[in-house]
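Starting from the known structure of chain R, arrange chain Y on it as the hints suggest.
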Amino acid sequence: MQPLLDFIGQFVGGPGNALILALALLKIAILLGSVLGVVPFVVLYERKLISWTQDRPGPNRAGPWGLLHGALDGAKLFFKEEIIPAGADRLLYLMAPSLVSGPAFLALCIIPIGPIIDGPALASIGSLLGISPDTLGPMGAVSQIALAVTNPSVGVLYVLAITSIGVYGITLAGWSSNNKWSLLGGIRASAQMISYEISMSLSVIGVLLIAGSLNFYDIIESQKGGFWNWNVVAQPLAFVLFVIAMFAETNRLPFDLAEGESELTGGFHTEYSSMKFALFFLGEYVNMITVSAVCASLFLGGYLGPIALFEEGTLPYYLAGPLVLPAKIFFFLTLFIMARATLPRMRYDQLMNLGWKVMLPLGLANLVITAIGVGLGYDKETDTVSLGARLAIGGITLGLLLATDFIYTAQRKKALAAQYRNFRPQAA
Amino acid sequence: MIIDFLKGFAQTSKHAIRYLSGKGSVTLEYPEVKREQPPFFRGRHRLQRYEDGLERCVGCALCAAVCPSEAIYLEAAENSAGNQVSAGERYAEIYQIHLLRCIFCGFCEEACPENAIVMGPTYELAMDRRTDFIANKEDMLDPAEKGFGTYHDYDPYVSHVSAEADAGASSDPWTRS
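Read top to bottom, the protein sequences are chains R and Y.
When you line the first sequence up against the working numbering, it's residues 1 to 428, in that order.
When you line the second sequence up against the working numbering, it's residues 1001 to 1177, in that order.
Only chain R is shown next, with the shape it has when bound in the complex:
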């Protein structure tokens, strides 16, 4: 490996730079390949699981257990006729699908799938690949490998910024199609995303307060030690708000008003066909994977297992990460799909009521409680928040959530009773 790195290094300024370049390309290839490869199976899993909840076997014709259905669906879309409506705004119409699917990948870039490799582990990798310690090693040009495409210090901010670019794609798709249903879908999407992004950001701030950093590695490492250190224990309310906002962000049921096939035919992608539709489809599923990964990293300890099983720096410690995170993503995907199988689509006013009148105040309350708790329980020496303070925050916010739910349910019951009090079935 070393001669090759030296050779490339002549052009990019040293073998270290060559290695950085090679690693970046390798990471991008792995990420893109694995996500694109897994999306057809996520689609199949969705169709299968929904079928099972409806007492039917689901797609099982192509390949064993129907495993080829997703892939063949993609192949089919390649060969479909591409139609651009006569009145469409061509540039925006063509741009919109990539605006939806692109940001999903961009956000996924910074999700760590495993711990940072450094120290002796890095040295042994270097010797295994035949790279000199000057290039790859604890003292070399590349002194650590992060198991994420890139590791910016403002990771969470980046994710929030990038995911909200996706809404441009949806809104522009709705507008440029020159179709009233598409336009309605696009408008709904933009209104919905703006409303829920606020709750999402507010719920994330609680986590940031506890972790004391915007960096994903710092946030995950602050949850180290066992599942009682996970942020879901300290921030149950924020977790619930984030999960709800997650559904809204990805336009999944019960928040798929932008698509709303029963009232808007296909919503924003009504006029899209062939690969342009496939890009929307792909974007939706990659988005699901992305927000699942973000949620797992913020609240469920990311690549960390529920208990610290392996000693840091050993081989199984590094290998466990890339297995644990997909398991958590799988859990969230199952939640997404089961929600689609279970819940009906919300009405537009219900959506806005939930977003602005319930989730936003709860998010603010959560932020205040967390801030007080962190202020009281901050341990200066270890730069962490004590477990007691985190449990207290968790208890209080969970109580707040349950109290809100109790009051809301009681009010709803009362309102329904008032609504039907004067209702008498007409005598025939």
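Keep in mind the hints are simulated off the structure, nothing from the lab.
One or more hints might be untrue.
Taking lysine to aspartate or glutamate and the EDC-like style, the derived pairs with C-alpha atoms no more than 20 Å apart in a straight line are [claimed, not checked]:
hint	chain 1	residue 1	chain 2	residue 2
1	R	Lys413	Y	Asp1004
2	Y	Lys1014	R	Asp218
3	R	Lys180	R	Glu263
4	R	Lys380	R	Asp218
Structure of chain Y alone, referenced to chain R:
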């Protein structure tokens, strides 16, 4: 609200688990497994025989007369001593049903005095060419060795000839009721 959500999720999960544990599927995997049709199902027609192999159809063309979509074409010929095809004086030399015209109303089987034509259980009627949709006598006639008169054993729908009334029926014209 949270409890209601959990109830909903429990319901869908229950069905998924029930399906995965092997019970509760309502789907038949069609081309491999076929559903048995009820006796009164009106599929493609059958032309029945008596137990001794003689055809029931005597070529009276009442089915063609009653057919609302004029899908039946029939040409009768005389039975002769050397060529006894049916139990009556005449038999259907040509018997065709245009399945694209047929509306599967079942009037033909109700009109038939000999209970020769009945609606069978066959419903897979997709074919490649239009000419294939003309069912000839050979296509509908029960095979001589096994098919005869079984229809009445289970038919509750066509009541004008009950199983009891047809019990003594035979192909001998003098003993037929």
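Each hint tested on the structure:
Our distance criterion of 20 Å between C-alpha atoms is met by R:Lys413 and Y:Asp1004, whose separation comes to about 13 Å. Distance restraint check for Y:Lys1014 and R:Asp218: the Cα-Cα separation of roughly 39 Å exceeds the 20 Å cut-off, and the hinted pair is therefore not satisfied. Note on R:Lys180 and R:Glu263: the hinted pairing holds, with a Cα-Cα distance of about 12 Å set against a maximum of 20 Å. Proximity of R:Lys380 to R:Asp218 is assessed by CA-CA distance (about 17 Å); at most 20 Å being required, the pair is judged to hold.
Violated hint for the displayed structure: number 2, the only one.
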